[in-house]
Every structure is written in C-alpha cells, then in structure tokens.
Amino acid sequence: MRQKITGGIPEGSLAATPFQISRNRPVALQVYEDLRDRIVSLDLRPGYSLSRAVLADFYGVSQTPVREAFLKLEQDGLVEVFPQSKTLIAPISIHKVKSTHFLRTSLELEVAHNLALSLDKSKIAPAEKMLAEQRHSSMEPGVFSKLDSAFHRSLFIAAGYEDLWEVVREHSGHLDRVRCLQLPTPGKIERVIFQHGKILDAIRASDLQTAESHVRDHLSGSLMELDTIIQNNREMFGA
Numbered sequence: 001m002r003q004k005i006t007g008g009i010p011e012g013s014l015a016a017t018p019f020q021i022s023r024n025r026p027v028a029l030q031v032y033e034d035l036r037d038r039i040v041s042l043d044l045r046p047g048y049s050l051s052r053a054v055l056a057d058f059y060g061v062s063q064t065p066v067r068e069a070f071l072k073l074e075q076d077g078l079v080e081v082f083p084q085s086k087t088l089i090a091p092i093s094i095h096k097v098k099s100t101h102f103l104r105t106s107l108e109l110e111v112a113h114n115l116a117l118s119l120d121k122s123k124i125a126p127a128e129k130m131l132a133e134q135r136h137s138s139m140e141p142g143v144f145s146k147l148d149s150a151f152h153r154s155l156f157i158a159a160g161y162e163d164l165w166e167v168v169r170e171h172s173g174h175l176d177r178v179r180c181l182q183l184p185t186p187g188k189i190e191r192v193i194f195q196h197g198k199i200l201d202a203i204r205a206s207d208l209q210t211a212e213s214h215v216r217d218h219l220s221g222s223l224m225e226l227d228t229i230i231q232n233n234r235e236m237f238g239a
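Residue numbers (full-length UniProt numbering): 1 to 239.
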C-alpha cells in the first residue's frame, strides 16, 4: 500500500513502503505522475497543502523536480500555486468536469464508430482482456478506477487514436475525481462492468448505432449524478 501524503507530510513508515524513483525516466515526470495519481484518486483531497521541502524528502529528490511537477499540475488545473507562500490541491471545477465530459464523449463516440465499422475485431482483444480483469477484480474503487481507465485507453489504441487518449487524460483530472466519488456507490462498479460488456458486444457485432448508444449511456452517468455528488461533497467543489 502507498503512503498517503496529508498536508504534504508522508504518513506511515517510509522505510516500509518507499517510493522508488527510476533512473530510466525523468524524475520530475515521475513525481508529477505519482502526485497526479494521488490527487485524482482523492488520496490528496481539495484544500490540502503541499510542501516542496517535505515532498522532496519523501521522494528522495531535490526540490527542483518537485517544483517542475507543481507547475505541470498547475497547468492541469489540479493545484493552485501561490508563489512564496503555499501550494494547495485545487477544488473540483464543475465547469472543467462538464467540458471534459463533452470532449470525452465526442472522442469516444468516434472511437466506437471506428471499431464497429472495422472488419478486424481482433483489435478489441486487449479491451476484452481488461473487461475480464474487471470482472475478477477486488471491486476496491481505487483498483477498479485504474482498470476502467485501462479499458478505455485500450479502445483508443485499437482505433489508432492513442494520442487522443493522452489528450483526454491530460484534461480529465477533475472528471476523474468525480468518478472516484461515484465508484463507492452500491452497484456502481457492477453497472460500469455491465456497460463495458455491452459496448464490446455491439462493436463485435458491427452494430454502429447500438455501440454509440451504449457509449452515451455509459458516459452520461457522471453528469446525471453530478448534482447529488456535489450536494454530498460540497467542500470538494469550486465553480
């Protein structure tokens, strides 16, 4: 299990579960990816303060890559940097949730369209594998969230649009946090798995209209439940 970082301070034994920085990848990128993962999974919640010095010690690096990671997270809208003062986890932006949902729906409909028309259905084998993993997963929201992202990424790759998945990912931090708030809802994970299966069934059958319909139904859940999520988690949301 990863340590949680609350207020920029690692909790638990660093020796027991240290974060391993690889020498084969840029350090700032690794720090950014880990912090982003903690933010979108709500290990780090809106309003938490992050300390460059404490995080540098946590990752075993200088403050420079931590500062670079903060700048990237600020570009993503996930932190608010106050120069010479503090860095805070940004609240969930309702506007960004809605705009990202629009972007993602538009692209995923095109992906489903492409795959349904394709004669080579072997392309979706990785997505079928991801669906099987979801069906046998622990149903723990944090684990399932990663499998869910991997499923959708595999469809973009199958359609030849991996670069567009990266566009979606870069803009999805606020929407992903909403999804993390939704997943613990009783029956939510089972419903997502069922919808994934329906999407693949329609693609496999080359049923374009049904595939697009299932994509719309699947992705609409976040917005349909948004008001309730905001009401139950008002402290996490901004404008």
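Simulated from the structure, these hints should not be mistaken for laboratory data.
Note that this is a predicted model, so its numbers are computed, not measured.
It is possible that some hints are incorrect.
As the list claims (entries may be wrong) - Label pairs and their in silico Cβ distance ranges: (1) Glu74 x Lys146: 40 to 46 Å; (2) Leu109 x Arg135: 33 to 39 Å; (3) Gln84 x Arg135: 47 to 53 Å; (4) Ile230 x Ser106: 32 to 38 Å; (5) Gln84 x Asn232: 32 to 38 Å; (6) Asp163 x Gln75: 35 to 41 Å; (7) Gly238 x Gln84: 34 to 40 Å.
Claimed, not checked - When the alpha-carbon atoms are kept at most 27 Å apart in a straight line, the in silico BS3-like pairs for lysine-lysine are as follows: (8) Lys98 x Lys129; (9) Lys86 x Lys72; (10) Lys72 x Lys121; (11) Lys188 x Lys198; (12) Lys98 x Lys188; (13) Lys123 x Lys86; (14) Lys198 x Lys72; (15) Lys198 x Lys129; (16) Lys188 x Lys129; (17) Lys72 x Lys123; (18) Lys146 x Lys188; (19) Lys121 x Lys86.
Cβ coordinates follow ideal geometry from the N, Cα and C atoms, glycine included.
A quick look at each hint next to the structure:
Separation of Glu74 from Lys146 is about 24 Å and departs from the stated range, judged on CB atoms against 40 to 46 Å. The beta-carbon spacing between Leu109 and Arg135, approximately 25 Å, falls outside the hinted interval of 33 to 39 Å. At roughly 51 Å, the beta-carbon separation of Gln84 and Arg135 lies within the given 47 to 53 Å, and the hint holds. Remark: the range hint 32 to 38 Å for Ile230 to Ser106 is contradicted by a beta-carbon distance near 24 Å.
Separated by about 36 Å at the C-beta atoms, Gln84 and Asn232 satisfy the suggested range of 32 to 38 Å. Between Asp163 and Gln75 the beta carbon distance is about 18 Å. The supplied range of 35 to 41 Å is therefore violated. Checked against the hint of 34 to 40 Å, the C-beta distance between Gly238 and Gln84 comes to roughly 23 Å, which is inconsistent with it. For the hint linking Lys98 to Lys129, the alpha-carbon distance of about 30 Å lies beyond 27 Å, and the restraint is violated.
Annotation: proposed proximity of Lys86 to Lys72 holds, straight-line Cα distance about 16 Å (limit 27 Å). Our distance criterion of 27 Å between C-alpha atoms is broken by Lys72 and Lys121, whose separation comes to about 38 Å. Between Lys188 and Lys198, the direct Cα distance comes to roughly 15 Å. Compliance with the 27 Å bound is thereby established for this hinted pair. At most 27 Å may separate the alpha-carbon atoms for a hinted pair to count; Lys98 and Lys188 meet this at roughly 20 Å.
Between Lys123 and Lys86 the alpha-carbon distance is near 47 Å, which puts this suggested pair outside the 27 Å criterion. This hinted pair does not check out: Lys198 and Lys72 have alpha carbons roughly 36 Å apart, beyond 27 Å. Under the criterion of a C-alpha separation no larger than 27 Å, the hint pairing Lys198 with Lys129 is consistent with the structure, at around 15 Å. At most 27 Å may separate the alpha-carbon atoms for a hinted pair to count; Lys188 and Lys129 meet this at roughly 20 Å.
Distance restraint check for Lys72 and Lys123: the Cα-Cα separation of roughly 33 Å exceeds the 27 Å cut-off, and the hinted pair is therefore not satisfied. Only pairs whose Cα atoms come within 27 Å are accepted, and Lys146 paired with Lys188 is accepted, the gap being roughly 15 Å. For the proposed pair Lys121 and Lys86, the alpha carbon gap of about 51 Å is over 27 Å, so the pair is violated.
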